[in-house]
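Undergrad: Sequence:
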Amino acid sequence: MSDSSGSNLKGALIALVGFGLFATHDVIVKTLGATYAPFQIIFFSVLLSFPIVMLMLMRDTTSDTLIPRHPWWTALRTGSAVVTGMCVFYAFATLPLAQVYAIIFAMPLLITVLSVPILGERVGLHRWGAVAVGLAGVLVVIRPGTAELNLGHLAALTGACTGSLVSIIVRKIGHAERNQVLLLYPMMANFAVMASIMPFVYRPMEFEHLALIGAMACLASVAGLLMIRAYKAADAAIVAPMQYSQMVWAALYGTLIFGESTDRLTWIGAGIIIASGLYIVLRESLGGRSNSTPVLRTRSRADTGTTPRISALFRMSGRTPPRRN
Numbered sequence: 000m001s002d003s004s005g006s007n008l009k010g011a012l013i014a015l016v017g018f019g020l021f022a023t024h025d026v027i028v029k030t031l032g033a034t035y036a037p038f039q040i041i042f043f044s045v046l047l048s049f050p051i052v053m054l055m056l057m058r059d060t061t062s063d064t065l066i067p068r069h070p071w072w073t074a075l076r077t078g079s080a081v082v083t084g085m086c087v088f089y090a091f092a093t094l095p096l097a098q099v100y101a102i103i104f105a106m107p108l109l110i111t112v113l114s115v116p117i118l119g120e121r122v123g124l125h126r127w128g129a130v131a132v133g134l135a136g137v138l139v140v141i142r143p144g145t146a147e148l149n150l151g152h153l154a155a156l157t158g159a160c161t162g163s164l165v166s167i168i169v170r171k172i173g174h175a176e177r178n179q180v181l182l183l184y185p186m187m188a189n190f191a192v193m194a195s196i197m198p199f200v201y202r203p204m205e206f207e208h209l210a211l212i213g214a215m216a217c218l219a220s221v222a223g224l225l226m227i228r229a230y231k232a233a234d235a236a237i238v239a240p241m242q243y244s245q246m247v248w249a250a251l252y253g254t255l256i257f258g259e260s261t262d263r264l265t266w267i268g269a270g271i272i273i274a275s276g277l278y279i280v281l282r283e284s285l286g287g288r289s290n291s292t293p294v295l296r297t298r299s300r301a302d303t304g305t306t307p308r309i310s311a312l313f314r315m316s317g318r319t320p321p322r323r324n
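Numbering that gives the first Met the number 0 numbers the first residue of the sequence shown as 0 and each following residue consecutively.
These are computed hints drawn from the structure, not numbers from a lab. Take the hints with a grain of salt, since some may be wrong.
Stated by the list, open to error - When the alpha-carbon atoms are kept at most 20 Å apart in a straight line, the in silico SDA-like pairs for lysine to any residue are as follows: (1) K171 to N290; (2) K9 to K231; (3) K171 to A74; (4) K231 to N7; (5) K231 to L12; (6) K171 to A214; (7) K171 to A135; (8) K9 to A236; (9) K231 to L20; (10) K231 to S6.
Keep in mind it's a predicted model, so treat the numbers as computed, not measured.
Using the sequences and the accompanying hints, generate a full structural model.
TA: Have a look at this one:
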């Protein structure tokens, strides 16, 4: 086995572990969502994540202010991250895990669409076709007109859209904006917004539930660090598709913990979405197919503003991601 192949295998395995931890994080979100409003879960999640973020920022020797260089893009990204967090947490609380993941997996398709007006990316017929097929897969999952739709489905779709917007804005301004701004603004905004809503939704929390939120913060941080190692070890085209392993975790956790069953149409729709996303990754990874590789350079999941974003942590770790993988 060549050094390159061995490194790619190592990166893929590390990414699988990282996404497994992210899936465990989402199980806790769903568990707590049966008792508490998403606003309260997000508030305490951000609160307990701050110490971890402060430790990470203490290692950043960059001397600068927290005034963003791109205030309007930063404001749009921050607001989108807050909306993403509320929507995704609500979706996990109200929908089967597999359905939420299947819908969120449409993010590469939406990032491809948004890359045209925001990044000036030129998307060819093949990638447009993949987007169309993938969005058809979303319709298979939610089955409008044949299955009962609720606010959870709308929340998941909205979270996928706003999460894609967050990712594409980071791709636009991330090279110029400071790590501190990318890390702190969404978390501070989440804290402020959720604190203003808390008086209307607050329910006293048992110590065990606070401990679960602490576990969420730790799981997300450890998973983020693992993703950094994965991207340092392997090509992005190898690491990025590992996120789809969360469908396996969703089926496993959904069955064992929540008594959920994943029906055939959900698997078919998820398969269509995943195949489309993989095709886009393939097209971006081939030389000359994409100028900015917006999907490949999206380091991980939707940014909910509750934990540090992996792309910012990646840059703080001392290595700049390559322009094209």
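Undergrad: Confirm or reject each hint.
TA: Hint check results:
{"no.": "1", "hint": "K171 to N290", "result": "holds, 13 Å"}
{"no.": "2", "hint": "K9 to K231", "result": "holds, 10 Å"}
{"no.": "3", "hint": "K171 to A74", "result": "holds, 14 Å"}
{"no.": "4", "hint": "K231 to N7", "result": "holds, 10 Å"}
{"no.": "5", "hint": "K231 to L12", "result": "holds, 13 Å"}
{"no.": "6", "hint": "K171 to A214", "result": "violated, 33 Å"}
{"no.": "7", "hint": "K171 to A135", "result": "violated, 28 Å"}
{"no.": "8", "hint": "K9 to A236", "result": "holds, 14 Å"}
{"no.": "9", "hint": "K231 to L20", "result": "holds, 19 Å"}
{"no.": "10", "hint": "K231 to S6", "result": "holds, 9 Å"}
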